[in-house]
Amino acid sequence: EAQVTQNPRYLITVTGKKLTVTCSQNMNHEYMSWYRQDPGLGLRQIYYSMNVEVTDKGDVPEGYKVSRKEKRNFPLILESPSPNQTSLYFCASSPRGTRDSPLHFGNGTRLTVT
Amino acid sequence: SQQGEEDPQALSIQEGENATMNCSYKTSINNLQWYRQNSGRGLVHLILIRSNEREKHSGRLRVTLDTSKKSSSLLITASRAADTASYFCATVGTGGGNKLTFGTGTQLKVEL
Numbered sequence: 001e002a003q004v005t006q007n008p009r010y011l012i013t014v015t016g017k018k019l020t021v022t023c024s025q026n027m028n029h030e031y032m033s034w035y036r037q038d039p040g041l042g043l044r045q046i047y048y049s050m051n052v053e054v055t056d057k058g059d060v061p062e063g064y065k066v067s068r069k070e071k072r073n074f075p076l077i078l079e080s081p082s083p084n085q086t087s088l089y090f091c092a093s094s095p096r097g098t099r100d101s102p103l104h105f106g107n108g109t110r111l112t113v114t
Numbered sequence: 115s116q117q118g119e120e121d122p123q124a125l126s127i128q129e130g131e132n133a134t135m136n137c138s139y140k141t142s143i144n145n146l147q148w149y150r151q152n153s154g155r156g157l158v159h160l161i162l163i164r165s166n167e168r169e170k171h172s173g174r175l176r177v178t179l180d181t182s183k184k185s186s187s188l189l190i191t192a193s194r195a196a197d198t199a200s201y202f203c204a205t206v207g208t209g210g211g212n213k214l215t216f217g218t219g220t221q222l223k224v225e226l
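Chains as they are written, first to last, in the numbering used here: chain A, 1 to 114; chain B, 115 to 226.
Misleading hints may appear alongside valid ones.
Dumping the calculated BS3-like pairs for lysine-lysine here, alpha-carbon to alpha-carbon at most 30 angstroms [claimed, not checked]:
id : chain 1 : residue 1 : chain 2 : residue 2
1  : B       : Lys-183   : B       : Lys-140
2  : B       : Lys-223   : B       : Lys-170
3  : A       : Lys-57    : B       : Lys-140
4  : A       : Lys-18    : B       : Lys-223
5  : A       : Lys-57    : B       : Lys-223
6  : A       : Lys-18    : A       : Lys-65
7  : A       : Lys-65    : B       : Lys-170
8  : A       : Lys-17    : A       : Lys-71
9  : A       : Lys-69    : A       : Lys-57
10 : B       : Lys-184   : A       : Lys-57
11 : A       : Lys-57    : A       : Lys-18
12 : A       : Lys-71    : B       : Lys-213
13 : B       : Lys-213   : A       : Lys-69
Pulled from the structure, derived: some chain A residues nowhere near chain B, Cβ distances all over 10 angstroms [what the hints assert, rightly or not]:
id : residue
14 : Asn-7
15 : Leu-11
16 : Leu-19
These are computed hints drawn from the structure, not numbers from a lab. All C-beta atoms in this analysis are idealised placements derived from N, C-alpha and C, irrespective of residue type, glycine included.
Please model the complete structure; the sequences and the hints are all you need to start from.
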């Protein structure tokens with residue numbers, strides 16, 4: 001089944017403890033992106049990647065890192081999480097970017113930082 | 115920054131009625147997309163409409179785009195309880211990039 005898989009679904013952590021949220025897609029998509037969703041603010045883009053080894057900042061990249069060493073994987077790294085990064089995170093992918101095709105979303109990771 | 119703003123923020127209708135949601139945006143676009151989100155789940159793509167298109171249909175969904183007014187509408191006909199969800203518009207600008215910017219969404223509740 002074609003899908004975007006995020007892990008974990010839920011994560012509770014403490015301030016400053018490094019964490020990684022994994023994202024994998026099995027559709028051979030070139031484009032991958034991370035969003036965070038907060039009440040009243042909609043979805044805001046964190047980082048995106050057009051292909052392997054190519055990443056760019058979105059609207060809210062501060063406090064996050066990403067890497068794209070393989071086409072299928074696009075992990076989101078929080079080196080030193082803070083409470084304001086408590087949010088619902090979504091990974092998404094598309095075949096060639098957003099100008100020609102829609103995004104396929106994962107089921108989300110709900111992160112709580114205490 | 116938010117590009118699309120949906121209106122209304124919340125909408126409650128009876129099953130069988132039509133639901134109309136509107137989206138306004140600020141800058142020129144390459145395309146506009148509508149997504150649905152069931153509570154706390156991932157977004158599901160509904161329709162993509164390009165800037166040179168005025169209307170698209172998909173099943174019970176009808177999307178219109180008016181680039182002169184920088185607005186779009188999503189019409190769901192003969193709504194069902196299963197249509198209860200949040201609906202988001204998202205835009206891709208004309209600047210050559212691939213940034214998809216979402217609005218804050220409309221919460222639709224369809225009651226039996």
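Checklist entry - Any of the earlier hints contradicted here, and which numbers? => result Numbers 4, 5, 7 - these are the hints that the structure violates, sorted from lowest upward.
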